[in-house]
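Visitor: So the chains spell out like this:
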Amino acid sequence: DVKVTQSSRYLVKRTGEKVFLECVQDMDHENMFWYRQDPGLGLRLIYFSYDVKMKEKGDIPEGYSVSREKKERFSLILESASTNQTSMYLCASSFKLGGQKAQYFGPGTRLLVL
Amino acid sequence: GENVEQHPSTLSVQEGDSAVIKCTYSDSASNYFPWYKQELGKRPQLIIDIRSNVGEKKDQRIAVTLNKTAKHFSLHITETQPEDSAVYFCAAKWGYQKVTFGTGTKLQVIP
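Protein chains in written order, with the working numbering: chain A, 9 to 122; chain B, 6 to 116.
If we strip away everything but chain A, and leave its shape as in the complex, we get (with noise of 0.2 angstroms):
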């Protein structure tokens, strides 16, 4: 059974303030995504990966960086938190190549930034 998982559920940061969101999954998936979901926005791409070290960056990255230096883990960091990244992110996996092309979604962290 694949496992996704990220370091926090919830999550209570200052404005300002460097802020990692961490996801690890165990079932050596090439690709791995966040994203932030919003109601009435559904889920909007943020970064993705597709191997280690490779990033591209998705609908929305302004605010965001990630790292990926490790193949089941990907981190997604905010600089400078803002009040409005108040969200919930999910992190997913995937295989990159042949038939299997679900995603995997971990359970999400949600964030409040004052």
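Do not rely on the hints blindly, as some may be mistaken.
Said to hold, decoys possible - Just a few of them, taken from the derived set where beta-carbon distance is under 10 angstroms, the chain B residues facing chain A:
hint: 1; residue: Gly-46
hint: 2; residue: Phe-94
hint: 3; residue: Gly-109
hint: 4; residue: Gln-113
Claimed, not checked - Restricting the straight-line Cα-Cα distance to at most 27 angstroms, the calculated cross-link-like pairs of lysine-lysine (BS3-like) are:
hint: 5; chain 1: B; residue 1: Lys-111; chain 2: A; residue 2: Lys-109
hint: 6; chain 1: B; residue 1: Lys-27; chain 2: A; residue 2: Lys-109
hint: 7; chain 1: A; residue 1: Lys-65; chain 2: B; residue 2: Lys-103
hint: 8; chain 1: A; residue 1: Lys-79; chain 2: A; residue 2: Lys-109
hint: 9; chain 1: A; residue 1: Lys-61; chain 2: A; residue 2: Lys-104
Hints in this document: simulated from the structure, not taken from any laboratory. Idealized CB from N, CA, C, for every residue including glycine.
The hints should help you fit chain B onto chain A, whose structure is shown.
Guide: Relative to chain A, chain B alone:
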């Protein structure tokens, strides 16, 4: 990039009735269309998917249809049950591994 529109945003049906959720996409090169179900407070989970070389796929009470010419695809749930109540997201895969999601449909099945 890809643009995925999903309708309706909310849907209420009586238990036992059918529910249909529709999505359109803009990039004709999109080749994979998954549907995810997200129950309250839980993570999205894949319930069914379809590839661009297939017109219809069915799994028990759930079916998905794809019209490549019109660039739209739909989720059909028959004989709805209260446990079908959730938010459903359609998505389209395009480019290199990128997936764009619709804005979600909140389905309420009334007992």
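Visitor: Hey, Lys-79(A) versus Lys-109(A), does the alpha-carbon distance stay inside 27 angstroms?
Guide: Status holds; Cα separation ~17 angstroms.
Visitor: At a threshold of 10 angstroms, is the proposed contact between Phe-94(B) and chain A supported by beta-carbon distances?
Guide: 6 angstroms, holds
Visitor: Taken at face value, is the distance from the CA of Lys-104(A) to the CA of Lys-61(A) at most 27 angstroms?
Guide: With a Cα-Cα distance of about 15 angstroms, the restraint between Lys-61(A) and Lys-104(A) holds, given a limit of 27 angstroms.
Visitor: Are the Cα positions of Lys-27(B) and Lys-109(A) separated by 27 angstroms at most?
Guide: Satisfied, since the Cα-Cα distance of roughly 21 angstroms is no more than 27 angstroms.
Visitor: Between Lys-111(B) and Lys-109(A), is the straight-line Cα distance small enough, at 27 angstroms or below?
Guide: 24 angstroms, holds
Visitor: Please verify that hint: Gly-46(B), Cβ, nearest Cβ of chain A, below 10 angstroms or not.
Guide: 9 angstroms, holds
Visitor: Under 10 angstroms is the threshold here; is the Cβ of Gln-113(B) close enough to any Cβ of chain A for the hint to stand?
Guide: Given a least distance of 16 angstroms, the restraint on Gln-113(B) is violated.
Visitor: Measuring from the C-beta of Gly-109(B) to each C-beta in chain A, is the shortest one below 10 angstroms?
Guide: 5 angstroms, holds
Visitor: Taking only the CA atoms, is the gap from Lys-65(A) to Lys-103(B) under or equal to 27 angstroms?
Guide: 10 angstroms, holds
Against the hints set out earlier in the document, a violation occurs for number 4 only.
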